[in-house]
Amino acid sequence: MSDKIIGVLEQRDGKLKKVSFEVVNVVSKLSQELNLDAELLVIGNEIENLHELSGYGISRVTHFKNENLNFYSTSGYSQIIADYSKEIGSKYLIFSNTSLGKDLAPVVSIKLNAGCLIDCINLITDSEEVVATRPVYAGKALVDAKLKSEIKIITIRPNVFKPKSNGQLTKLNVTVKDVTSPNLKSKVVEFKKSEGKLDVAEADIIVSGGRGLKGPENFYLVENLADVLGAAVGASRAAVDAGWRPHREQVGQTGKTVTPSLYVACGISGAIQHLAGMSSSKYIVAINKDKDAPIFSVADYGIAGDVFEILPALTEEIKKYK
Amino acid sequence: MKIAVCVSHVPDTATKIKIGQDEKTIDSAGVTYIINPYDEFAVEEALKTKEKFGGEVIVLSVGNDANKETIRKALAMGADQGILLKDNNSRDSFSVAKALAEEIKNLNCEIVFTGKQSVDYDNSITGQLIAELLGFNCATVVVDLKIENNKVIAEREIEGGKEVVETELPVVITCQKGLNEPRYASLKGIMAAKKKVIEEKPAACSENLVEIIKMKKPQEKQPGRIIGTDSSAVPELVRLLHEEAKIL
Ligand SMILES: Cc1cc2nc3c(=O)[nH]c(=O)nc-3n(C[C@H](O)[C@H](O)[C@H](O)COP(=O)(O)OP(=O)(O)OC[C@H]3O[C@@H](n4cnc5c(N)ncnc54)[C@H](O)[C@@H]3O)c2cc1C
Ligand SMILES: Nc1ncnc2c1ncn2[C@@H]1O[C@H](COP(=O)(O)O)[C@@H](O)[C@H]1O
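Quick mapping for you: the protein sequence lines, in order, are chains A and B. Start counting the first sequence at 0; every next residue gets the next number (numbering that gives the first Met the number 0). Start counting the second sequence at 0; every next residue gets the next number (numbering that gives the first Met the number 0).
Chain A on its own, in the form it takes in the complex (with noise of 0.2 angstroms):
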């Protein structure tokens, strides 16, 4: 028999999350190169889309069940990881590097003597290990790294290891656990949900804006523009700072990260500490009428002009293309 992996995935009010798949894009690989069984392991109360899982080629999924577990609880999440991890000697476990992955990862790590990788943005295999790729000091260095404990834990980043379904529907073999009496030594009692449409954390287009935007009341020429292209609305620090915005949206060294498909930045200087956050997307424009500003030196398409006239007339040119 092959050792196994473990796919962690997530649910958010009874629904698999868009990260979930990733997680499975990753075991499957995994899996494969190590020659290793795959499972999956959800934990929440009732799942609607669980047969979403079924285009990936993994058919074990496990689905530990109880209504008191359907928000998030770090003592009795890790614990039944930790015991089913034992209960079938698994050797990888995966997670998607969101808020839970995070906060679970490492708890899970110290009850199975494991190490960690966290935030990977590449994984290969190399003579039957894994050799992870993650940024360190907000992206201004990628370090290559493996795990020298026997169990090895590994959280990706959203948004990277894109999923890819190979088309053949695998039989899903779930197994369903009701979890008796579940560890709620902490837990979550309640979910406030920010105003905000979209979270630069999971957007896949952001429109950042900045000082240049001179003060929050012409912050809607922003979020116009974030509204046609589906976009979150996120902030440079100087933003954040001054009270403009919340600093949720901050983008950068002390803010999020974000690897978009898209980023936008509005009148922004490009501070070493703003670019750390976002350098790192896939294609970037910048609005600022400094022709000399750095924020230049990493975006694909530059308009050295003024937000005030640039942003209304991209918004209406974008609104012909929908």
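Everything hinted at is true.
Okay, the calculated beta carbon distance ranges per label pair:
hint : chain 1 : residue 1 : chain 2 : residue 2 : range
1    : B       : Ala-65    : A       : Lys-14    : 45 to 51 angstroms
2    : A       : Glu-308   : B       : Asn-149   : 54 to 60 angstroms
3    : B       : Glu-198   : A       : Asp-2     : 44 to 50 angstroms
4    : A       : Asp-82    : B       : Lys-245   : 45 to 51 angstroms
The set of hints was computed from the structure by calculation and includes no laboratory data. Note that this is a predicted model, so its numbers are computed, not measured. C-beta: ideal position from N, C-alpha, C; glycine also.
Fit chain B with the ligands to the supplied structure of chain A, relying on the hints for placement.
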């Protein structure tokens, strides 16, 4: 109530990173080091907690003599005692967390504050590791905290909103921007900090579990082009986004 704060000593965020000769760590020549920005929120929250419940704030850092500067910064803000857990090797989070947990156990602390992330290796796991090693509860990325009797209510920032976590002491809290406004050290605080003795002990680090093979620079992004200087450039920009970038 004994309160521990863990602080790391990191390169200034404005630093341009150069890879060192060993190709595993950075070249620290000419780099200014500072207290990890998130750890300032941790120190502030520890001080506020002490102001409310009384007790003692003990600052801990694992590293070499240079870390004393960061410990002193926390002392200047108002922490009572500083301990340097001395170690000159390059350590991973497991190894650092082991040393911190060991000392926190000896000190009998009931609350531990850490930053949500150290802006060097960006691991964001040390707090959780300490918690689990000690058998404490933990709440991460916290932007609001209430402690009453034994009960801990923490709001943590997550994708698309905030989660309210309920748990109990003893607890490890990893602090995020927004939790508080770190105070400035007063002149009096700075003078007092200079006089305080920072206790030094060998760190009880365990073996590293993470092996760094190579550190490298990410591929430099090639600067693109400036298409124009006013709104007449907009159609061209949209065309490029559509045809070249295939975004629209
Ligand atoms: C410890 C630390 C951590 C930090 N972390 C972060 C972080 O996480 N994220 C972050 O963003 N910053 C961070 N910073 C701050 C960073 O150094 C910069 O101060 C900040 O990014 C500047 O924001 P900005 O570009 O909006 O403002 P500015 O640098 O003031 O730039 C404004 C830009 O707008 C342009 N402009 C003005 N008017 C117009 C107009 N009408 N049309 C077009 N362009 C216009 C100007 O030419 C200028 O380039 C950090 C700093 C420190 C010390
Ligand atoms: N060497 C260290 N000494 C003391 N505390 C540390 C050290 N490294 C990390 N920490 C603490 O752990 C937090 C998270 O660090 P990390 O897991 O490395 O991102 C930091 O914000 C510090 O509070």
